[in-house]
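Protein sequences, first through last, are from chains A and B. For the first sequence, position 138 matches number 138 in the UniProt record's numbering, and the numbering has no gaps at all. For the second sequence, position 61 matches number 61 in the UniProt record's numbering, and the numbering has no gaps at all.
What the hints contain is simulated information worked out from the structure, not anything from laboratory work. One should not assume that every hint holds.
Unchecked claim - Within a straight-line C-alpha distance of at most 25 Å, the following computed BS3-like cross-link-like pairs (lysine-lysine) qualify:
#	chain 1	residue 1	chain 2	residue 2
1	B	Lys68	A	Lys40
2	B	Lys47	A	Lys70
3	B	Lys10	B	Lys77
4	B	Lys47	A	Lys140
5	A	Lys46	B	Lys39
6	B	Lys47	A	Lys40
7	A	Lys149	A	Lys40
8	A	Lys101	B	Lys68
9	A	Lys101	B	Lys47
10	B	Lys93	B	Lys35
11	A	Lys68	B	Lys77
12	B	Lys10	B	Lys86
13	A	Lys140	A	Lys68
14	B	Lys39	A	Lys70
15	A	Lys46	B	Lys68
Fair warning: this is a prediction, and the values are worked out from it, not measured in the lab.
Okay, here's what each chain looks like letter by letter:
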Amino acid sequence: MTHLHRRTFLKGTLGATTLALAASAGLLKPERVLAAEWSKPAFEAKSINDALKALFGASQATASGSIKIKAPIQAENGAVVPIAVSAALPNVQGLAVFVEKNAQPLVASVALTGAEGYFSARMKMGQTSDVHVVCRAGGKLYSAKQTIKVTVGGCGG
Amino acid sequence: MARQTRIRTKTQDGHTEILVLVNHPMETGQRVDPKTKEKVPAHFIQKMAFTLNGKEVAVADLGVAVSKDPLVGVKLKGAKAGDKVKVTWSDNKGESNSADAVV
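With the rest of the complex left out, here is chain B (with noise of 0.2 Å):
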C-alpha cells in the first residue's frame, strides 16, 4: 500500500520551502519489540529526491536516525508561482511513492 506523502510549499522573500511528510515508521533495526522481545527489522527511508520542474535539484540521503513520520524541508530560490515541485522517496524494503505541487 503505498503510503500517504504530502508536499506542501510556502514562499517568503523569494525563497521558497519544500516540506515534505511522509507516513513511514523509520524503524531502525534495533529496537526490541516488547511482546516478542524480537528485534523489529530496520524499514526506513533511504532517498528522497526533489525535482523542479522535472530537473532534479536535491537529493536527500536518510538514514535511520530520522524520526518516524519524518517532515523533511529543502529551499529553493527563485521559483516561480506556477513551477511544479515533485518528490519521490523509496525506502529499504522497495516501498516508494512521490507527491507533487504547484508553487
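Next comes chain A alone, as it looks inside the complex (with noise of 0.2 Å):
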C-alpha cells in the first residue's frame, strides 16, 4: 500500500516538472530572439546541431556559396587562429562560428542589428578540424565550412 502511494506521488511530480521545463522553455524562447541573454546552453553544447538549437531554434541550414570564411588553409599555432567571415546575402541577422572538434564547438554568435554582414576575430582551435559558419539570413539558416589544419593545439595547457 504504501508503495502504492509512493508510484502515484512519483508520478505525479514528474509530470509536474516536465510542464514547468515546457514552460521554462516557452519563456526563454523571446529571450532567444533578442539576444539579450548570453546564451549558455549553446556555448556549452557539446555539438554543432545542440549548439544550432539553443541559439537559432532550429539546426537546419542550407549550404550557401554566398558565405566566404577567410583563414588559414594551415595554423601553426591553435591558440591563434585568425578568421573572417563574411556573409553577402540580404538581410543578415546573425552569424555564428563552430569548430567541429572542439569540446564546445561554439565559438562566437554575433546578432547584427544594422553592422554588415561580417565578422572577425581569432579563436582556438584543439586540433585539425572543419569549421563551419552559419548565417541566419531573413529567418532561415545557411552554412558554410572550412578545413583548417592545427600543427600544435590550442587548447588546454
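Each of the two chains sits in its own frame; use the hints to bring them together as a complex.
So, in C-alpha cells, the structure goes:
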C-alpha cells in the first residue's frame, strides 16, 4: 500500500516537472530572439546541432556559396587562428562560428542589427577540424565550412 | 582594474571596419596550472556590443574558444566621417569596459 502511494506521488511530480520545463522553454524563446542574454546552453553544447538549436531554435542549414570564410588552410598555432567571415546575403541577422572538434564547438555568435554581414576574430582550435559558419538571413539558416589544419593545438596547457 | 580596450576604425570603399582589441586572458576553465595542478577558473568575455551614434548595430556573444587578447571586428556600411562608434564588453566575472572612437 505504501508503495502504491509512492508510485502515484512520483508520477505526479514527474508530470509537474515536465510541465515546468515546457513552460520555461516557452518563456526562454523571446529572449533568444532578442539575444539579450548570453546563451549558456549554446556555448556549453557539445555538438554543433545542439548549439544551433539553442541559438536559433533550428539545426537545418542550407549550404550557401555567399558565405565566405577567410582563414588559413593550415594554422601553426591553434591558440590563435585568425578568421574573418562575410556573408553576402540580404537581411543578415546573425552569424555564428563553430569549430567542429572543439569540446565546445561554438566560438562566437553575433547578432547584427545594422552592421554588415561580417565578423572577424581570432580563435582557439584543439586540433585539425572543420570550421562551420552559420548565417541567419531572412529567418533562414545558411552555412559554409572550411577545414583548417592545426599543427599545435591551442586548448589546454 | 579596468582592462585596456582599444578601438580602431578603417574605412575603405564605403565600408567601415571596427576593430576592437581587449587585453583579456580568456581562460577556458579547462587549462591546468602547471604549478598547482589545479584547473584555472574560466574567465572570458561574454558580450561585446557595438554602437554607432548610440544605436546598437551588433552584439557579439563570445565563447571560451576566442583567443586571449581578443581582436574582434565588425563592418558597417555607409558610416560617415565624424560618426561615433563605441564598444562595450563584459565578462563572466562581471568585469567590463568600453572604448569609443570617431570614424
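Between A:Lys46 and B:Lys39, does the CA-CA distance stay at or below 25 Å?
20 Å, holds
Going straight from one Cα to the other, do B:Lys93 and B:Lys35 come out at no more than 25 Å?
Status holds; Cα separation ~23 Å.
Is the straight-line distance between the alpha-carbon of A:Lys101 and that of B:Lys47 25 Å or less?
It holds: about 24 Å lies between the C-alpha atoms, which stays within 25 Å.
Taken at face value, is the distance from the CA of B:Lys68 to the CA of A:Lys101 at most 25 Å?
Since the Cα atoms of A:Lys101 and B:Lys68 sit roughly 19 Å apart, the hinted pair holds (cutoff 25 Å).
Take a quick look at whether A:Lys140 and A:Lys68 sit within 25 Å of each other, Cα to Cα.
It holds: about 17 Å lies between the C-alpha atoms, which stays within 25 Å.
Satisfaction of hint between A:Lys40 and B:Lys47, Cα-Cα up to 25 Å
12 Å, holds
Is the hinted pair B:Lys47 and A:Lys70 satisfied, with a Cα-Cα distance of at most 25 Å?
The given pair, whose Cα atoms are some 23 Å apart, holds under the 25 Å limit.
Taking only the CA atoms, is the gap from B:Lys39 to A:Lys70 under or equal to 25 Å?
33 Å, violated
Are the Cα positions of B:Lys47 and A:Lys140 separated by 25 Å at most?
24 Å, holds
Run the distance test for B:Lys10 versus B:Lys86: straight-line Cα separation, threshold 25 Å.
14 Å, holds
Has the given pair, B:Lys68 with A:Lys40, been kept, meaning a C-alpha gap of at most 25 Å?
20 Å, holds
Check the hint pairing A:Lys149 with A:Lys40 against an upper bound of 25 Å on the C-alpha distance.
Measuring from Cα to Cα gives roughly 28 Å; hence the hint is violated.
Hint compliance for this structure: hints 7, 14 are not met, and every other hint is.
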